[in-house]
Amino acid sequence: MRWPSDLWLTYRRAMIERVRVPAWVVVSLAQPLLYLFLFGPLLKNLRSAPASSGTSAYDLFVPGLLVLMAYFVAGGAGFGLLEELTAGVIERLRVTPLSRTALVLGPAGRDMTAIGVQSVILLAIGELTGLHVDWGGALIAVVMVCVLALALSCLSNTVALSMASANGFAALFNGLSIPVLLLSGVLLPLSLAPAWLNDLSYVNPLRYAVDAARSLVAGNIQTFDVARGLAVTAGFAVFAVALSVQHFRHAEA
Amino acid sequence: MYLWIILLAMQITRDAVVEAAGLRRVFRAGHGELVAVDSVDLAIPAGIVFGFLGPNGAGKSTTIRMLVTLLALSEGRAAVAGFDVEKDPAEVRRRIGYVAQGGSTSAVETGREELVMQARTFGGSRHDAERRADELITRFQLAEVADRRTGGWSGGQCRRLDIALGLVHRPSVLFLDEPTTGLDPQSRANLWEQIGRLRDEEVTIFLTTHYLEEADALAERIAIIDHGRIVAEGTPGDLKQEISGDVIEIGAGSGPGRTLAVLRAQPFVRSAALADGAVRIHVDDGPSDSVSVLRVLDRAGLPPSSLTVQRPSLDDVFLTKTGRSLREGSGALLAGQGAR
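For the record, the sequence lines run as chains A and W. Counting from 1, position 109 in the first sequence corresponds to residue 109 in the working numbering; the numbering is continuous, with no gaps. Counting from 1, position 162 in the second sequence corresponds to residue 1162 in the working numbering; the numbering is continuous, with no gaps.
Treat the hints with caution; some may be incorrect.
[Said to hold, decoys possible] One side of the interface only, derived from the structure: several residues of chain W facing chain A at Cβ under 7 Å: (1) Gly1102; (2) Met1117; (3) Thr1121.
Read the hints as simulated data drawn from the structure, not as lab findings. The model shown is predicted, which means the values in this text are computed figures rather than measured ones. Heads up, the beta-carbon is just placed ideally off N, CA and C, and yes, glycines get one too.
The shape of chain A in the complex, shown without the other chains (with noise of 0.2 Å):
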């Protein structure tokens, strides 16, 4: 058993290499923040939340948030990786003994680490205006969303490596994020939708996400939105990290 040990060296050399880029730091730490100060005054406007009652517009908005960084930071892993290939280091790793495993795994936890820390300062600053959280159920929201990273980082990671080309990359992750977005309910709440979309919706696993983290953050625990929502993210990780390692070892790229 060595990968726990390779794992430690990609994860740190992966935190290492964001951590020396000033505007990486600065940015990550400022996203939440900007989110919640931009949107935050237009939803408190709104007058009636569009979904159920007792929520409020901001209460519905903010645990998707979580669901929204998650796809940028994570999803937008690949230009990282892309960075690494360009510079030979991918393929100086690959022809060491390194696990496959780790390679994969280390960039993931380091995007696990932003979102996992990103998410409690939105959260918190969240709370101080004006946000109703139940802090058990948004530890479980926390974790949820880290693991939803993982599979997010997995994904992005590997379809960059087989495009092997920031262009490309770059226009299929533009070009993805307003459908994945919009279907996932976290800019408009899917119960706006007609029928149609609603059902479209569904085969994003994002959308699972989306619907749990609100669920749990208002502290609404043992529901099945909540339990769909976690084992939709379980598997949808388990499956991006089965791809990701494969298409890890036998990549020629």
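Chain A is fixed; fit chain W onto it per the hints.
Okay, now just chain W, sitting in the frame of chain A:
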């Protein structure tokens, strides 16, 4: 097919540390296929510097990438340091160092950090990794910059670090893919010295290059590859001796193309090609044939600006085997499509 491969494998000497039989690699290219490497057989004994010489795109990097477990083989088999590259890639990786063509370090890490991490990927303690990093930093004269991020290093320093990274685990075979391409003469001389030192330590070195001087100066055995196939193999001396006769180099001034055409048509000229703006011809007897050259060119109204008789070089070996000169830019350009 398989019988043939087995027969070839049996011919391979026992103590070869790099052996390949019927190595072939095909890439998809648009609608067609590009055969980057075809029927390559290798048997490299331990402890030597092996030079893999050929123009850009000849298949050098593709071959090396198959041997270091980065690329799958389309056909054939290969074993490095006693292990099959396809069946036991992990065992191969433990025993080889690979220094790729385009650099291998991250700009935000320091040289020491890169070395320590690389050493730790082979197992062993942090303490051992740090000590090994110290050794290599001293050996490759990187002490001054070792604790700075590599983003600010010179090309020569980065190259030395790349090679140091390939050596952290004291591999028995070191693969160097065009190690001196793009380096200034001083850095190149320094690298040659390091390679010589490794040879003294009995590390087997597999070196690709498109510089003839480099292959001539460093390698004990050479294989010349062109269009994915090995066209000649042996010691530099053997290869040069294979071509009996002499080489005449003619300074053609204004009309090298026409001079080439006129000389090529002469019965006493065995082969002819352009090299660095001059015409090089291969003849049986240099001193007497140079008189004929003068006479022919005078008659054609193409008096040469200079004329020298030389012993054959490795370039002439390449020339007689492929009909092209390795020095000639256009040849390399034409063949440069499949570089990967």
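Hints versus structure:
1. For glycine 1102 of chain W, the interface hint holds, the least distance from its beta-carbon to any beta-carbon of chain A being 5 Å, beneath 7 Å.
2. Interface restraint check for methionine 1117 of chain W: the shortest CB-CB distance to chain A comes to about 6 Å, inside 7 Å, so the restraint holds.
3. With its C-beta approaching chain A no nearer than about 4 Å, threonine 1121 of chain W sits inside the 7 Å limit, and its interface hint holds.
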